[in-house]
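Student: Each chain, letter by letter, is given below.
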Amino acid sequence: MSYNKNVFINCPFDEEYYSLLRPLLFTIIYLGYNPRIALERSDSGEIRLAKICEFIRESMYSIHDLSRLKSYTAHEFSRQNMPFELGLDIGCRSFSNNHLQEKKCLILETDKYRFMKAISDISGSDIKNHNNDPLILVRQVRNWFVETVGIKKVPSPTSIWYSFNDYAADFYEKRLEEGFSSDDLNIMPIPEYIDFIKEWCIKNRKYNPSLLNSINEKINANIEIMEEAN
Amino acid sequence: MAKNSHHVVPNSKGGWSVKKSGSIRASKTFTTHLDAVEYGKKISIDSKSDLIIHGKDGTIQKKDSFGKRTIKRNIKKS
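Chains as they are written, first to last, in my numbering: chain A, 32 to 261; chain B, 337 to 414.
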């Protein structure tokens with residue numbers, strides 16, 4: 032997908048965060064955008080920072096979740112990858128003199144003002160808090176797309192949340208029928224999960240104009256190939 | 337999408353809703369999970385449909401079938 036449809040996701044990748052990552056991916060795709068996330072490919076020969084810089088350069092939008100900044104036990108290090116990547120993204124926007132200046136980002140946190148204690152440099156920025164609640168996260172991300180990206184006639188947050196629940200039921204049902212175990216599903220590669228959301232949104236005709244365009248293009252291309260073969 | 341099923345899902349008020357599959361509106365909302373499951377069971381039995389119980393994060397905790405098939409199974413929460 033093109034630069035102006037890509038959304039770079041900067042978030043933790045621990046199992047606990049998956050309860051927020053799943054609805055986050057769903058909401059982005061449901062709204063017709065394309066998530067770019069470090070887990071989308073894992074070439075051991077590729078430098079991770081280079082991959083992240085590539086995603087930042089190729090994405091007009093980005094979502095940075097700083098909710099796991101804080102360490103909770105003695106001698107535990109706080110997580111620095113997320114603020115580091117946020118800095119890269121803001122730097123990319125600030126120091127460029129081309130289309131990258133148009134980049135827009137959403138910063139998410141658990142509480143609205145907690146991040147100021149850790150990163151006071153961005154204390155003047157508008158951020159949104161999700162309280163670690165998947166439903167609130169869906170609402171905040173959906174509202175940001177309306178306010179900042181400027182998309183219109185978007186279904187309500189509750190409607191998107193209910194669709195996500197329908198999607199989750201279909202995902203588990205179909206995958207279990209295909210022989211996946213619960214553990215297989217929990218550690219499913221992110222690209223496979225993203226593809227399933229895209230297929231589901233198209234099949235169920237959810238709000239997703241760009242995906243519908245892309246599937247139409249694929250269908251037309253396949254028809255041309257079949258015609259050439261005949 | 338499984339057409340003939342009802343879902344117990346978390347709602348924005350911190351409670352639980354029962355909704356029909358594919359619907360973007362709740363049939364009924366409840367303060368407690370238990371009450372929502374009880375109501376979900378009742379209407380699933382009446383309509384011979386599946387009842388899918390979701391967790392707080394939307395993943396599936398349990399599925400019961402009250403239709404022609406009488407398969408009953410638990411799905412481990414992720």
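There may be inaccurate statements among the hints.
Once the Cα atoms are required to be at most 27 Å apart in a straight line, the calculated DSS-like pairs of lysine-lysine come out as [to be verified]:
id, chain 1, residue 1, chain 2, residue 2
1, A, LYS229, B, LYS398
2, A, LYS205, B, LYS398
3, B, LYS356, B, LYS384
4, A, LYS148, A, LYS36
Which residues of chain B face chain A? A partial, calculated answer using Cβ under 7 Å [as the list claims (entries may be wrong)]:
id, residue
5, GLY351
6, ILE360
7, HIS390
8, THR395
Here are the in silico distance ranges between beta carbons for each label pair [as the list claims (entries may be wrong)]:
id, chain 1, residue 1, chain 2, residue 2, range
9, B, GLU374, A, PHE211, 43 to 51 Å
10, B, ASP371, A, GLU89, 47 to 55 Å
11, B, ASP371, A, GLU77, 22 to 30 Å
Because the hints were derived from the structure by calculation, they are not lab data. Just so you know, even glycine gets a beta-carbon here, dropped at the ideal spot from N, CA and C.
Student: Give a verdict on every hint.
Tutor: Cross-check of the supplied hints:
Of the supplied pair hints, the one linking LYS229(A) and LYS398(B) holds, its CA atoms being roughly 25 Å apart against a limit of 27 Å. Of the pairs offered as hints, the one joining LYS205(A) and LYS398(B) holds, with about 15 Å between alpha carbons and a cut-off of 27 Å not exceeded. About 13 Å separates the Cα atoms of LYS356(B) and LYS384(B), which keeps this hinted pair within 27 Å; it holds. Of the pairs offered as hints, the one joining LYS148(A) and LYS36(A) is violated, with about 33 Å between alpha carbons and a cut-off of 27 Å exceeded.
Given hint, GLY351(B) at the interface with chain A, is violated; its Cβ is 11 Å from that chain's nearest Cβ, farther than 7 Å. A hinted interface residue such as ILE360(B) counts as satisfied when its beta carbon comes closer than 7 Å to some beta carbon of chain A; here the least separation is about 4 Å, so the hint holds. Interface restraint check: HIS390(B) against chain A, minimum CB-CB distance 5 Å, threshold 7 Å, status holds. At about 6 Å, the closest approach between the beta carbon of THR395(B) and any beta carbon in chain A falls short of 7 Å, and the interface hint on this residue holds.
Distance hint for GLU374(B) and PHE211(A): a CB-CB separation of about 31 Å, inconsistent with the stated range 43 to 51 Å. The given range of 47 to 55 Å is respected by ASP371(B) and GLU89(A), whose C-beta atoms sit roughly 48 Å from each other. The beta-carbon spacing between ASP371(B) and GLU77(A), approximately 51 Å, falls outside the hinted interval of 22 to 30 Å.
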